[in-house]
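Using our numbering, the first residue of the sequence shown is number 5, and each one after it goes up by one.
If you're looking for bench data, these hints aren't it; they were derived computationally from the structure.
Wrong hints could be hidden among the right ones.
[What the hints assert, rightly or not] Straight-line distance between alpha carbons at most 20 Å, and here's what the computed EDC-like set of lysine to aspartate or glutamate pairs gives: (1) K447 / E109; (2) K448 / E109; (3) K189 / E300; (4) K448 / E426; (5) K446 / D23; (6) K188 / E300; (7) K29 / D142; (8) K12 / E65.
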Amino acid sequence: MPATLPNKKLGRIAMILDDRISREKGALLTRAVNSLRQFAEVQLLAASTSEDALLKKLEAEPFQLILAPWYRYLAWTRVEAFYGLTRTSGPTFAGYHCEPLAPYEIGGQADHLRAILLDFGHISSHEIQMLIRSLIQDSRRAGLQPLLRAGTPIYCEHWYSGRGLGSRIDSILGLSEIANSDWKKRSNALRICISALWSLIYEEGPGKAELNAISKAPRAGFQLGVDAGCLALRLSYCMPQWSPKDTLGVFWPDVTRPSAPSQLLLKFADFVRVHTIPDVSVIEVVVGFLNSSPSERAHGNIHSLWVEPITANLMIEGPFDMPGATAPHLKLLPVPELPTSRARAEEPSEAAERAKDRYVADAAVTIRELKAALADKDRMIRELRSGGVGTAPPLPPPDAESLLEAFQERYFEARYQIREFEVQIAELEARGATAQDIEALKKKMEYLASRENNWIRKIAKTIEAYRKARPKPAPSSQQQS
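Please take these sequences and the hints and turn them into a complete structure.
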């Protein structure tokens, strides 16, 4: 028996192939599938597999995970219904994409309670294994330990209202696991993501009304784990009024809210996993960074996104756990704490001295900033007095020929793409492809055609305005006679 344990499979995966990807991406996908066979039984289904055929197969054979190209994953609804729309554990239906996927391509939020879109095109086979292991095993769905090597310490702390963020970011970036490794190169993205997590609590979450007040109860539990292959942040907080659909709406890619905390996480993190635990009203947000850095290589595209409800029984790692006998892997995050009111009362002289030092330092910084601002204004006044207002040389007019050439280039490029879509639609119809596949291409073609019509309308308005403003030629002498 012990000799057979290494060959034991964790589950069965049904994967529908994507015939839209390039040959290069297809080779990478094949390599990733072969790596999955090390721990799971993978059954490949033809790209022409319909939803009806898939449902018949699922009725006949059990699978822990079904993977489909993203456009079919978003279009098919009966597979989710087959396993239960409100399920919080068990088999999972997920979409994948190998080519760059822009937010506008997936459209608005679907009428679902979950969304799993995995980026297979910009991460390594080992990183794909890590995500798939979490999907096919319920015991690995939540927390940070399934994403890290065994024995990796996890730093933790509770977030209270009235505490600062700056010292926490400095403490996190100063950890030896980050400061002395290649993760230091991701410092800017880490700062943005930590600030976005902070904003989820104190601008949109449970600490919104207490930003400047000191609370005794923690508003969130924060954890951080890092090894050579993954750096992950975990934030857990209570939102009794949120439903799984509300959570999906907040974290769905939305270009109309570019500065929202959730959208910043989607842009600057390599993967985002959000779990709603309805029975305890807890939201768990896990933000991950990988060695492949897909958010750096394809910043404007959709990366791996995983939003779904789960049951509290799958929370092997408690959301507010602290170091102790039951959690030996946890370590307190070394963040300097501000003195409490009791400490200030017990040591008034020392606290007052520290406050005075901080006040003097802050005042010195403010004075330097004011001096710099005054110097800039004096320099501006001297420039205005020497040259007079309005004497600066005007900017050169735009090069009209270059603008017209650029317009023509974009126009012909759009026409070429529309023609390519028409050819692809004809090929799909000849092969007997599904209506969903054809409709997806038609939507892309309609989008390009509408942009092209907008360009032509704007040019037509310009020509019409020119025609109306152009002076009419004076009548000749013969016409006057």
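Consistency of the hints with the structure:
At most 20 Å may separate the alpha-carbon atoms for a hinted pair to count; K447 and E109 meet this at roughly 9 Å. A hinted pair counts as satisfied when its Cα atoms are at most 20 Å apart, and K448 with E109 qualifies at roughly 8 Å. Taken as a hint, the K189 and E300 pair is honoured in the structure, with Cα atoms around 11 Å apart against an allowance of 20 Å. Distance restraint check for K448 and E426: the Cα-Cα separation of roughly 11 Å lies within the 20 Å cut-off, and the hinted pair is therefore satisfied.
Of the supplied pair hints, the one linking K446 and D23 holds, its CA atoms being roughly 17 Å apart against a limit of 20 Å. Note on K188 and E300: the hinted pairing holds, with a Cα-Cα distance of about 14 Å set against a maximum of 20 Å. Straight-line distance between C-alpha atoms of K29 and D142 comes to about 30 Å, which puts the hinted pair past the 20 Å bound. Using a Cα cut-off of 20 Å, the hinted pair K12 and E65 holds, with the two alpha carbons roughly 19 Å apart.
Against the hints set out earlier in the document, a violation occurs for number 7 only.
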